[in-house]
Amino acid sequence: MITLRNVHKAFGDNVVLDGVNLDVQRGETVALLGPSGVGKSVLLKHINGLITPDKGEVKVDGMSVPHLHRKELAALRQRVGYVFQYGALFDSMTVYDNILLGITDEMCVNDIGYCGARMIECLELVNLAPDIASKYPAELSGGMKKRVGIARAIAGKPTYLLYDEPTSGLDPVNAEIIDSLVGKLQRELGVTSVAVTHDVRGAFNVADRIALLSDGKIRALGTPAELAASDNEAVRGFLERDLEDIVRH
Amino acid sequence: MNSVLIDPRRMVGRVALKSAAHVGGISLFVFELARGLGEWREWYHPALRQARDIGYGSMFIVFITASFAGAVTILQAGYQIAAGVPTYFASGVVVSTIILELGPVLTGLILAGRVGAGYAAELGTMRVTEQIDALESLGRSSVSHVLLPRVLAATLMVPILCIFSNCIAIFAGWVASKGAMDMSNADFVYGARYFFKPFFMWYSLTKSFFFGLTIAIVPCYVGFNTSHGAEGVGRATMTAVMTSSVLILFLNALLARILLPQ
Chain Y
69 MITLRNVHKA FGDNVVLDGV NLDVQRGETV ALLGPSGVGK SVLLKHINGL
119 ITPDKGEVKV DGMSVPHLHR KELAALRQRV GYVFQYGALF DSMTVYDNIL
169 LGITDEMCVN DIGYCGARMI ECLELVNLAP DIASKYPAEL SGGMKKRVGI
219 ARAIAGKPTY LLYDEPTSGL DPVNAEIIDS LVGKLQRELG VTSVAVTHDV
269 RGAFNVADRI ALLSDGKIRA LGTPAELAAS DNEAVRGFLE RDLEDIVRH
Chain U
345 MNSVLIDPRR MVGRVALKSA AHVGGISLFV FELARGLGEW REWYHPALRQ
395 ARDIGYGSMF IVFITASFAG AVTILQAGYQ IAAGVPTYFA SGVVVSTIIL
445 ELGPVLTGLI LAGRVGAGYA AELGTMRVTE QIDALESLGR SSVSHVLLPR
495 VLAATLMVPI LCIFSNCIAI FAGWVASKGA MDMSNADFVY GARYFFKPFF
545 MWYSLTKSFF FGLTIAIVPC YVGFNTSHGA EGVGRATMTA VMTSSVLILF
595 LNALLARILL PQ
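The listed protein sequences correspond, in order, to chains Y and U.
Quick note on my numbering: the first sequence kicks off at 69 and runs consecutively.
Quick note on my numbering: the second sequence kicks off at 345 and runs consecutively.
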């Protein structure tokens with residue numbers, strides 16, 4: 069379970085998070101929506117300790133993330149996969165080596181047979197052919213980089229997955245595949261996911277609950293149906309363009 | 345009215361605070377590097393690869409720099425030696441000047457530009473494209489995977505390249521003396537040995553060791569803490585080269601003061 073209580077974060081004079089409260093239950097998928105630049109990625113990075121809060125609590129499975137020692141934090145991060153917005157692949161390594169870094173179990177990482185099979189499995193899950201394994205990131209398109217980033221994040225079979233714009237830059241077919249993958253990981257493996265996204269339709273299809281971050285706080289939190297029916301001004305203002313389509317569908 | 349004028353007190357205060365912050369930051373950085381040494385399985389192979397890249401990759405530029413340094417030094421020494429002074433003094437000047445000063449300093453400055461700029465640009469790019477965050481989010485240590493290999497490789501290779509530079513410069517001095525001066529081989533060797541002391545080698549290697557640390561740590565620190573995209577990477581690269589070059593010159597003077605017998 070992920071718990072954020074009264075989380076505050078500012079960069080200089082710029083207050084990004086101003087008392088955020090959010091709970092994510094085990095096995096749940098929560099989509100985090102909000103205007104661009106509001107701090108959704110900053111909030112996401114608090115969960116695996118890439119950013120520490122100025123004030124407040126961030127807990128994963130009861131452990132206070134900002135207070136973990138180095139080795140404890142490394143152990144936690146091996147259970148929490150993170151999908152970066154632009155892939156964040158390591159330029160000097162092939163796709164194979166990038167995905168290999170995602171296999172964090174020390175017993176498995178030395179087993180070449182296991183690594184090869186797991187790499188192929190992860191590439192197929194994100195609809196990529198295994199023959200790209202020998203390519204370098206510079207030889208891939210933006211969408212392919214994004215999908216290899218997802219493959220790397222799931223290679224270690226994490227308990228939690230944090231997605232930063234998982235479908236941005238993808239064509240509708242591959243976006244649908246990634247949305248299905250999020251649902252599949254939740255149903256079959258019980259993976260708990262938090263997804264920052266601008267894809268409102270995808271969020272409504274995949275998420276169990278949707279949170280709207282605006283002006284440093286969670287302004288609305290509920291199931292897709294609750295948000296679609298909400299009178300909350302912030303919700304209606306943000307979802308206005310997409311809400312009609314969602315209600316119609 | 346005051347807001348239009350530059351307040352020197354504020355400027356001094358700002359510079360002082362910024363400098364103090366960087367001193368603190370580098371101290372913590374060095375502490376993290378020292379702590380990461382224990383994870384030798386992570387940094388050992390990447391460090392060897394980096395050392396090979398620095399060594400092979402820098403040999404040509406060091407060769408060129410050292411050759412010209414050696415040749416020009418003996419020509420100038422020959423020009424300055426007054427009539428009646430034995431010509432072997434020129435080779436003595438070359439050996440002393442190269443080993444004590446020009447070898448380590450020129451090698452250090454050249455490598456600050458080549459290696460330091462490369463490190464700052466690579467690490468800066470990794471930072472702004474979230475590769476460092478990605479490495480840490482996989483539970484891997486960015487210190488042992490990315491920083492220590494570079495720091496150790498540069499610290500090891502700069503003294504080795506300095507030795508190479510010294511040898512090439514002295515050889516180039518000998519070649520130049522054949523063409524421009526009336527100096528026999530015996531005179532050259534006699535002068536070189538007459539003025540040489542074993543202390544020169546220790547002094548040269550000590551200086552190049554500290555220069556290597558500077559070339560490794562400063563660009564890695566600056567690159568690792570880059571922000572603001574491509575502009576930030578460019579600024580980081582420039583800052584890394586300038587800062588490490590100035591520090592090399594400062595350390596050169598400081599080590600001369602400390603190590604040379606008065």
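Worth double-checking, as some hints may not be accurate.
[As the list claims (entries may be wrong)] If you anchor each label on the Cβ, the simulated ranges turn out as follows:
| hint | chain 1 | residue 1 | chain 2 | residue 2 | range |
| --- | --- | --- | --- | --- | --- |
| 1 | U | G357 | Y | R138 | 49 to 55 Å |
| 2 | Y | A293 | U | G368 | 49 to 55 Å |
| 3 | U | V367 | Y | Y204 | 37 to 43 Å |
| 4 | Y | D86 | U | H572 | 32 to 38 Å |
| 5 | U | I408 | Y | Y182 | 48 to 54 Å |
| 6 | Y | R255 | U | I405 | 40 to 46 Å |
| 7 | U | P352 | Y | H76 | 47 to 53 Å |
| 8 | U | R393 | Y | G290 | 49 to 55 Å |
| 9 | Y | D173 | U | E575 | 37 to 43 Å |
| 10 | Y | D86 | U | V356 | 31 to 37 Å |
| 11 | Y | D173 | U | G578 | 35 to 41 Å |
| 12 | Y | P240 | U | H572 | 30 to 36 Å |
| 13 | U | I408 | Y | D173 | 45 to 51 Å |
None of these hints come from the bench; they were simulated from the model.
Even glycine gets a Cβ: it sits at the ideal position worked out from N, Cα and C.
Hints, verified against the model:
no. : hint                         : verdict
1   : U:G357 to Y:R138: 49 to 55 Å : 35 Å, violated
2   : Y:A293 to U:G368: 49 to 55 Å : 52 Å, holds
3   : U:V367 to Y:Y204: 37 to 43 Å : 39 Å, holds
4   : Y:D86 to U:H572: 32 to 38 Å  : 24 Å, violated
5   : U:I408 to Y:Y182: 48 to 54 Å : 50 Å, holds
6   : Y:R255 to U:I405: 40 to 46 Å : 59 Å, violated
7   : U:P352 to Y:H76: 47 to 53 Å  : 36 Å, violated
8   : U:R393 to Y:G290: 49 to 55 Å : 52 Å, holds
9   : Y:D173 to U:E575: 37 to 43 Å : 40 Å, holds
10  : Y:D86 to U:V356: 31 to 37 Å  : 35 Å, holds
11  : Y:D173 to U:G578: 35 to 41 Å : 40 Å, holds
12  : Y:P240 to U:H572: 30 to 36 Å : 34 Å, holds
13  : U:I408 to Y:D173: 45 to 51 Å : 49 Å, holds
In the structure shown, a violation is registered for the earlier hints numbered 1, 4, 6, 7, in ascending order.
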